[in-house]
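Asker: For reference, the chains in residue letters:
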Amino acid sequence: MSENAAERAIRLLDLVPFILDHQGISINQLAKEFNVSKEEIIKDLNLLFVCGLPGYTPLELIDISFEDELVYLRDPQNLSEPRTLTISEIIVTRIALSALHELVSDPEKRAEIQALLRKFSALFESALPENAIHVEIDKEQRTQKIVQHAIESGRNLSIEYLNLTKDEVSSREITPIEFVKSHQGLTLNAYCHRVGAVRSFKVTQIISAVESNRSQMLFNSTEQEESGVEVQLRTSDSDSSLINRLVKDVKSLGDNVYVIKIYQEEWLIRTVFSQAGLEIASPFMIRELLRKEAKSALKRYQEFSA
Amino acid sequence: MSQAKTERLVNLTMALLASRRYMKKSEIFQKVAGYSGTPETKERMFERDKDDLRNLGIEIEVASQDPLFEDEAGYRIKPESYRFPLKEISEAEKSILSTALALWESSGFEKVASETSRRLLSGNQIGESTFPSLIAPIELVEESLNEIAKALASRSSIEFHYQKQDSRNSENRRVCPMGLSTWHGSWYLVGEDLDRNDIRAFKLSRIVSQISINKKREMYEIPRDFSVTDYLVMLNRELIEVEWLVRKGRAQLLRSNLKLEQSFDEEWDLIHTKEESLEAALEKALWHYDSVILVKPIKLREQVMRRFEKLVDQHE
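Going down the list, the protein sequences come from chains A and B.
Residues in the first sequence are numbered consecutively from 20, following our numbering.
Residues in the second sequence are numbered consecutively from 116, following our numbering.
Read the hints as simulated data drawn from the structure, not as lab findings.
The reader is advised that the hints may include incorrect statements.
Unchecked claim - So, partial list: chain A residues that the calculated Cβ filter (under 7 Å) puts toward chain B: (1) L31; (2) T112; (3) L309.
Stated by the list, open to error - The calculated EDC-like cross-link candidates involving lysine to aspartate or glutamate, where the alpha carbons are at most 16 Å apart (straight line), are: (4) A/K185 x B/D405; (5) B/K202 x A/D40; (6) A/K318 x B/E424; (7) A/K318 x B/E307; (8) A/K318 x B/E220; (9) A/K314 x B/E203; (10) B/K120 x A/E26; (11) B/K209 x A/E187; (12) B/K146 x A/E79; (13) A/K311 x B/E431; (14) B/K120 x A/E22; (15) B/K193 x A/E100; (16) A/K164 x A/E197; (17) B/K399 x A/E187; (18) B/K226 x A/D274; (19) A/K138 x B/E208; (20) A/K164 x B/E220; (21) A/K311 x B/D405; (22) A/K138 x B/E206; (23) A/K314 x B/D405; (24) A/K318 x B/E417; (25) A/K138 x B/E203; (26) B/K165 x A/E26; (27) B/K226 x A/E52; (28) A/K62 x B/E122; (29) B/K120 x A/D63; (30) B/K425 x A/E312; (31) A/K311 x B/E424; (32) A/K128 x B/E417; (33) B/K202 x A/E100; (34) B/K425 x A/E307; (35) B/K399 x A/D186; (36) A/K311 x B/D428; (37) B/K414 x B/E398; (38) B/K331 x B/E174.
Cβ coordinates follow ideal geometry from the N, Cα and C atoms, glycine included.
Input sequences plus hints: build the corresponding full structure.
Answerer: Dropping the structure here:
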């Protein structure tokens with residue numbers, strides 16, 4: 020794109036306060052900062068030399084000199100301070116601050132960024148009201164993007180993962196492998212260095228992900244087939260879609276009774292609690308456990324309500 | 116030719132910036148170096164110069180109603196609108212800004228970011244981001260942002276072809292832009308639709324033509340209390356406020372998105388969350404049966420208790 024006279028004038032106006040702030044800067048460095056060739060900068064400086072305030076005597080001209088490739092400014096006239104930001108620049112800066120705010124997890128840092136964002140918006144209030152711009156970075160998309168980057172560059176990730184069944188947040192080092200889309204949403208298959216096996220992680224439950232510099236470790240398939248426990252579940256009606264949504268391998272025994280294999284008792288209990296219309300038929304031990312848990316939960320609520 | 120014009124634009128900016136009062140055109144032609152030729156030529160030159168500077172973001176004020184000027188307009192650039200209030204920004208704040216601007220790395224916006232950084236931070240090195248570039252995936256292209264930003268700056272209307280969801284044809288829309296918002300990774304423009312006399316939201320990715328900006332300026336005002344999110348239905352879903360008692364260190368899911376957290380006693384914290392629906396809140400309460408007590412709404416608490424009763428009965 021060829022530059023027009025006005026764009027060049029803007030660069031000239033910007034050169035003055037910049038040089039004032041960097042007395043003795045080299046022409047090369049100046050060209051780099053302003054993204055133009057060295058020849059272009061020399062032409063600009065020569066032109067600035069003849070610009071100034073009405074009257075245009077030496078006293079009113081911008082006084083600039085360059086010796087041995089170094090540039091000095093003796094009199095900036097009324098251009099000593101940088102030009103204000105354009106609306107594009109204000110928007111771009113505000114988006115960047117909002118994005119940073121969502122990326123940082125340290126509460127103190129977050130508060131600092133928030134305060135700066137408010138201050139910055141207030142400075143340019145008359146150009147654009149504070150609430151005319153609203154930025155929120157979609158969390159799932161953000162995680163996906165970080166993970167994708169790690170997969171492509173073959174790097175490990177340190178993640179904080181919310182395990183809903185165990186209701187705990189754990190930190191793990193993982194080597195991401197691939198995304199899988201399923202009825203439960205987007206999941207990530209990754210080698211988890213903590214358990215030494217490949218695990219699936221729900222993307223929505225990845226609280227934070229940071230690329231770690233450690234090189235990718237080779238996986239050794241030490242994983243042993245977990246045995247699992249067979250459970251019989253009864254549904255309140257003949258609709259099997261609920262069961263099919265919960266687990267992949269389902270065997271129907273008729274009479275709304277299904278056999279499924281579970282690996283974590285806790286998962287089964289929470290699932291039966293939260294999905295209406297499920298009953299644990301057997302084994303008796305787990306059925307009994309659920310009854311006890313429900314009873315003590317009810318008692319807790321009754322005591323609280325009383 | 117263009118060299119002369121550049122020189123004239125710099126001189127004009129400096130003169131208008133230096134003047135404490137509004138300068139009449141005749142005064143400008145007389146005092147500012149570079150205006151020559153017939154009165155009509157000078158007039159045309161000045162009109163173009165003024166538009167060029169304004170298009171690049173320099174605010175030139177006009178006073179036409181000033182009794183001192185009879186019927187002739189006067190012009191000036193207010194120093195406070197030309198200069199960046201650099202003193203207001205501390206060193207610590209500059210370092211935050213520098214980290215933030217680095218997020219634009221390889222996004223198509225590096226140029227704007229480095230320009231900003233040069234004036235704000237006195238150096239265009241926006242540095243390498245410590246975070247992977249994240250802004251790029253949100254569908255925002257430099258061209259449309261620039262056009263909308265220009266229109267916002269001059270408060271001019273814009274025109275574009277818009278393809279509504281589920282529609283194969285596009286239609287022409289004339290809009291006075293008022294704000295921009297993201298939602299789920301997409302950008303929305305909110306503005307007054309001039310043909311519908313209503314404030315509407317437009318998804319930027321559904322604008323299928325170039326955006327053209329009306330030459331008229333100051334066509335509308337954006338009220339100071341304008342809030343773009345008021346006009347985005349998806350951001351204004353009715354959320355349900357739920358109060359919970361949560362065992363200390365438990366129910367991380369509820370804690371991730373909360374509004375208020377305080378310690379209730381040695382065992383429990385009291386927290387408030389906003390939930391999408393009653394069903395969603397109920398499911399969370401039941402999943403965390405052992406670590407939360409749903410306090411309010413009371414009706415929902417009763418529902419939780421009925422579910423517990425039923426589970427006990429079923430497994431008796």
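Asker: None of the hints should be skipped; say for each whether it holds.
Answerer: Hints, one by one, checked against the model:
{"no.": "1", "hint": "L31", "verdict": "holds (5 Å)"}
{"no.": "2", "hint": "T112", "verdict": "holds (6 Å)"}
{"no.": "3", "hint": "L309", "verdict": "holds (5 Å)"}
{"no.": "4", "hint": "A/K185 x B/D405", "verdict": "holds (11 Å)"}
{"no.": "5", "hint": "B/K202 x A/D40", "verdict": "holds (14 Å)"}
{"no.": "6", "hint": "A/K318 x B/E424", "verdict": "holds (10 Å)"}
{"no.": "7", "hint": "A/K318 x B/E307", "verdict": "violated (56 Å)"}
{"no.": "8", "hint": "A/K318 x B/E220", "verdict": "violated (56 Å)"}
{"no.": "9", "hint": "A/K314 x B/E203", "verdict": "violated (61 Å)"}
{"no.": "10", "hint": "B/K120 x A/E26", "verdict": "holds (11 Å)"}
{"no.": "11", "hint": "B/K209 x A/E187", "verdict": "violated (37 Å)"}
{"no.": "12", "hint": "B/K146 x A/E79", "verdict": "holds (13 Å)"}
{"no.": "13", "hint": "A/K311 x B/E431", "verdict": "holds (10 Å)"}
{"no.": "14", "hint": "B/K120 x A/E22", "verdict": "holds (13 Å)"}
{"no.": "15", "hint": "B/K193 x A/E100", "verdict": "holds (13 Å)"}
{"no.": "16", "hint": "A/K164 x A/E197", "verdict": "holds (12 Å)"}
{"no.": "17", "hint": "B/K399 x A/E187", "verdict": "holds (15 Å)"}
{"no.": "18", "hint": "B/K226 x A/D274", "verdict": "violated (67 Å)"}
{"no.": "19", "hint": "A/K138 x B/E208", "verdict": "holds (10 Å)"}
{"no.": "20", "hint": "A/K164 x B/E220", "verdict": "holds (14 Å)"}
{"no.": "21", "hint": "A/K311 x B/D405", "verdict": "holds (11 Å)"}
{"no.": "22", "hint": "A/K138 x B/E206", "verdict": "holds (14 Å)"}
{"no.": "23", "hint": "A/K314 x B/D405", "verdict": "holds (11 Å)"}
{"no.": "24", "hint": "A/K318 x B/E417", "verdict": "holds (13 Å)"}
{"no.": "25", "hint": "A/K138 x B/E203", "verdict": "holds (9 Å)"}
{"no.": "26", "hint": "B/K165 x A/E26", "verdict": "holds (13 Å)"}
{"no.": "27", "hint": "B/K226 x A/E52", "verdict": "holds (11 Å)"}
{"no.": "28", "hint": "A/K62 x B/E122", "verdict": "holds (12 Å)"}
{"no.": "29", "hint": "B/K120 x A/D63", "verdict": "holds (13 Å)"}
{"no.": "30", "hint": "B/K425 x A/E312", "verdict": "holds (13 Å)"}
{"no.": "31", "hint": "A/K311 x B/E424", "verdict": "holds (11 Å)"}
{"no.": "32", "hint": "A/K128 x B/E417", "verdict": "violated (41 Å)"}
{"no.": "33", "hint": "B/K202 x A/E100", "verdict": "holds (10 Å)"}
{"no.": "34", "hint": "B/K425 x A/E307", "verdict": "holds (14 Å)"}
{"no.": "35", "hint": "B/K399 x A/D186", "verdict": "holds (12 Å)"}
{"no.": "36", "hint": "A/K311 x B/D428", "verdict": "holds (11 Å)"}
{"no.": "37", "hint": "B/K414 x B/E398", "verdict": "holds (14 Å)"}
{"no.": "38", "hint": "B/K331 x B/E174", "verdict": "holds (15 Å)"}
Against the hints set out earlier in the document, violations occur for numbers 7, 8, 9, 11, 18 and 32.
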